[in-house]
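> Build out the structure end to end from the sequences listed, making use of the hints.
Taken in order, these protein sequences are the chains called B and W. So for the first sequence, the numbering used here puts the first residue at 36; every next one is plus one. So for the second sequence, the numbering used here puts the first residue at 2; every next one is plus one.
By construction, these hints were calculated from the structure, which means they are not laboratory data. You may find that some hints are simply not true.
[To be verified] Taking lysine to any residue and the SDA-like style, the derived pairs with C-alpha atoms no more than 25 Å apart in a straight line are:
| hint | chain 1 | residue 1 | chain 2 | residue 2 |
| --- | --- | --- | --- | --- |
| 1 | W | Lys84 | B | Glu211 |
| 2 | B | Lys126 | B | Lys112 |
| 3 | B | Lys271 | B | Gly375 |
| 4 | W | Lys76 | W | Glu38 |
| 5 | B | Lys128 | B | Leu446 |
| 6 | B | Lys422 | W | Glu38 |
| 7 | B | Lys216 | W | Phe80 |
| 8 | B | Lys420 | W | Thr33 |
| 9 | W | Lys78 | W | Arg36 |
| 10 | W | Lys43 | B | Phe91 |
| 11 | B | Lys423 | W | Ile8 |
| 12 | B | Lys422 | W | Lys76 |
| 13 | B | Lys392 | B | Phe440 |
| 14 | W | Lys84 | B | Val233 |
| 15 | B | Lys437 | B | Val386 |
| 16 | B | Lys423 | W | Cys34 |
| 17 | B | Lys126 | B | Ile292 |
| 18 | W | Lys84 | B | Asp283 |
| 19 | B | Lys112 | B | Gln63 |
| 20 | B | Lys244 | B | Arg230 |
| 21 | B | Lys92 | B | Glu111 |
| 22 | W | Lys76 | B | Asp237 |
| 23 | B | Lys419 | B | Gly375 |
| 24 | B | Lys437 | B | Asp364 |
| 25 | B | Lys229 | W | Ile22 |
| 26 | W | Lys120 | B | Ile183 |
| 27 | W | Lys78 | B | Val233 |
| 28 | B | Lys59 | B | Ala358 |
| 29 | B | Lys229 | W | Thr33 |
| 30 | B | Lys128 | B | Gln63 |
| 31 | B | Lys128 | B | Gly375 |
| 32 | B | Lys92 | W | Ile8 |
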Amino acid sequence: MEKHDIVIIGGGPAGLAAAVAARKAGIQDILILERDGCLGGILNQCIHNGFGLHTFKEELTGPEYASRYIDMVEAEKIPYKLNTMVIDINKDKEVTVINREDGLTTIQAKAVILAMGCRERPRGALNIPGYRPAGIYSAGTAQRLMNIEGFSVGREVVILGSGDIGLIMARRMTLEGAKVKVVAELMPYSGGLKRNIVQCLDDYGIPLKLSHTVVNIEGKERVTGITIAEVGPDRKPIPGTEEHYTCDTLLLSVGLIPENELSRSIGIQMSRITSGPEVNDQLETSSEGVFACGNVLHVHDLVDYVSEEATLAGTNAAAYVKAGEEKSDCHVVTLKAENGVRYTVPQTLDVNHMQDKVTVRFRVADVYKDRYISVYYDGVQVSKKKKKVLAPGEMEQVILKKDSFGEYPNLKNIVICTEVE
Amino acid sequence: METRELICIGCPLGCPLTVRIDGENVEVSGNTCKRGEDYAHKEVLSPTRIVTSSVHVNGGELSMVSVKTREDIPKGKIFDIMKEIREASVEAPVAIGDVVIENCAGTGIPIVATKNVAKV
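Below is the structure:
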């Protein structure tokens, strides 16, 4: 059986950064498995700029950001296989792989890094009434068709959902000469970054209708019209508020779901909130030697944070391979998300083995103004930071320092929550 | 005296800015760093954008190559620039930074490739 120290599942931004970090941490034997025909993942179709402000201190487009990491992987001579699909991973870290050159093979890994990214939520998950004509695309599909395949997607467009990809596509289609009539968002706030609302909608006078959803799709062969309606606090349409738009295209930007079929086949513990694996401060899952990073772990807004997270996963996977034995003397603390904080990543932390500081990332449940983000160690408040605005569309973080645990030798729980005063 | 509400796009924080404009005199509040002030000045006095799109490639491993304006261009020029980009095509191979259109729409700024596309 083919054997490797670290096998990385996915050659997008997370997989690339994890590979580079693992090599820098001294692991020679690394293999990246990528199902697409090129490295770079979703960045290849994200041709807009704004990537890399944190990582490279400049604004890059998606393909440029990807190429920085692809160049590092090439410079480090890290092997990768393209057009290669991983179909199973088991508890013993045997990775079953299929491609046209090798057929069906199994690879034994000492450590596995899960970096499979996420998928778009499809129409079928929404229960939108109406016909099923051509012209209904998830925003990312339309993005790929336009930017990579070079097709024209539609001329008159309605967009449901104000996720970042939907906002980016509103601008992209406008620039290509299409008329984007409206962006309807079910929630009373946008799920996208503010800068995208400013630069993709406001710049082009595209209306954003919050608390609205699609209640009918018309057209038998091709979409001919869409009806949207306002929704109440129960998110149900309010009769009498219907508005009709003629259009030939409906884009859906209604959320991303981490792609975790492989994680489930290993049998690792999953979070019901992130739909990703539960991890400790090393980004190691409940299955020893299996690490996770990027959008497969939880959906990110910024690729810079994906790279940072993946660097940590790669470094820790390397340390795991080098140590070759289970850790002893662990002091595991559970992180709890409460009062407006929906989840935390990581979900646990080992005080004895953690690095000097651990970045805990999370999202809030609603739009909040003038709230504190507080951290409690076993019920004792240890920090609070005032935030003018908190929104579910913008990931937040707190940094926990190892030396802050010195006074809490029997610590069991860390609570991260929002507070009004 | 005019007052405009802006959202700073200098970083993901997205600070809500209030800008009081009195001729060339611009007063910014609501920002949490210098970049917010700079952004507001620029946005009310001479707004600019980077335009990104993609252009057809002949004889390449991919049919499209992504492109951008190498620098910020005046916001009012976006559609003139898009018109030229839509009419352009390039021959493979293309490398990141290659000039696809020189002096696009009279802005003095070139359109450059943001992706490598090999020849087939």
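> So if I understand the rule, the pair passes when the alpha-carbon distance is 25 Å or less; does lysine 78 of chain W with valine 233 of chain B pass?
18 Å, holds
> Keeping to a limit of 25 Å between CA atoms, is the pair of lysine 76 of chain W and aspartate 237 of chain B held or broken?
Given pair lysine 76 of chain W, aspartate 237 of chain B holds - Cα atoms ~12 Å apart, limit 25 Å.
> Given the hint that lysine 420 of chain B pairs with threonine 33 of chain W, test it: the Cα-Cα distance must not exceed 25 Å.
15 Å, holds
> Is the Cα-Cα distance between lysine 76 of chain W and glutamate 38 of chain W 25 Å or less?
The given pair, whose Cα atoms are some 19 Å apart, holds under the 25 Å limit.
> Between lysine 128 of chain B and glycine 375 of chain B, is the straight-line Cα distance small enough, at 25 Å or below?
37 Å, violated
> Holds or violated: are the alpha carbons of lysine 112 of chain B and glutamine 63 of chain B at most 25 Å from each other?
9 Å, holds
> Taking 25 Å as the top limit, are the C-alpha atoms of lysine 84 of chain W and valine 233 of chain B close enough?
Given that 25 Å is the threshold and the Cα spacing comes to 23 Å, the pair holds.
> Taking 25 Å as the top limit, are the C-alpha atoms of lysine 120 of chain W and isoleucine 183 of chain B close enough?
Answer holds: lysine 120 of chain W to isoleucine 183 of chain B is near 16 Å, not above 25 Å.
> Just to be careful, I want the Cα atoms of lysine 128 of chain B and glutamine 63 of chain B compared with a cutoff of 25 Å; is the pair within it?
Judged against 25 Å, a Cα distance of about 18 Å means the pair holds.
> Does leucine 446 of chain B sit within 25 Å of lysine 128 of chain B, going by the straight-line distance between their CA atoms?
33 Å, violated
> With a cut-off of 25 Å on the C-alpha distance, tell me whether lysine 84 of chain W and glutamate 211 of chain B pass.
The given pair, whose Cα atoms are some 9 Å apart, holds under the 25 Å limit.
> Against the 25 Å threshold, does the CA-CA distance of lysine 78 of chain W and arginine 36 of chain W hold or violate the hint?
Since the Cα atoms of lysine 78 of chain W and arginine 36 of chain W sit roughly 24 Å apart, the hinted pair holds (cutoff 25 Å).
Checked against the numbered hints given earlier, the structure breaks hints 2, 5, 12 and 31 and satisfies all the rest.
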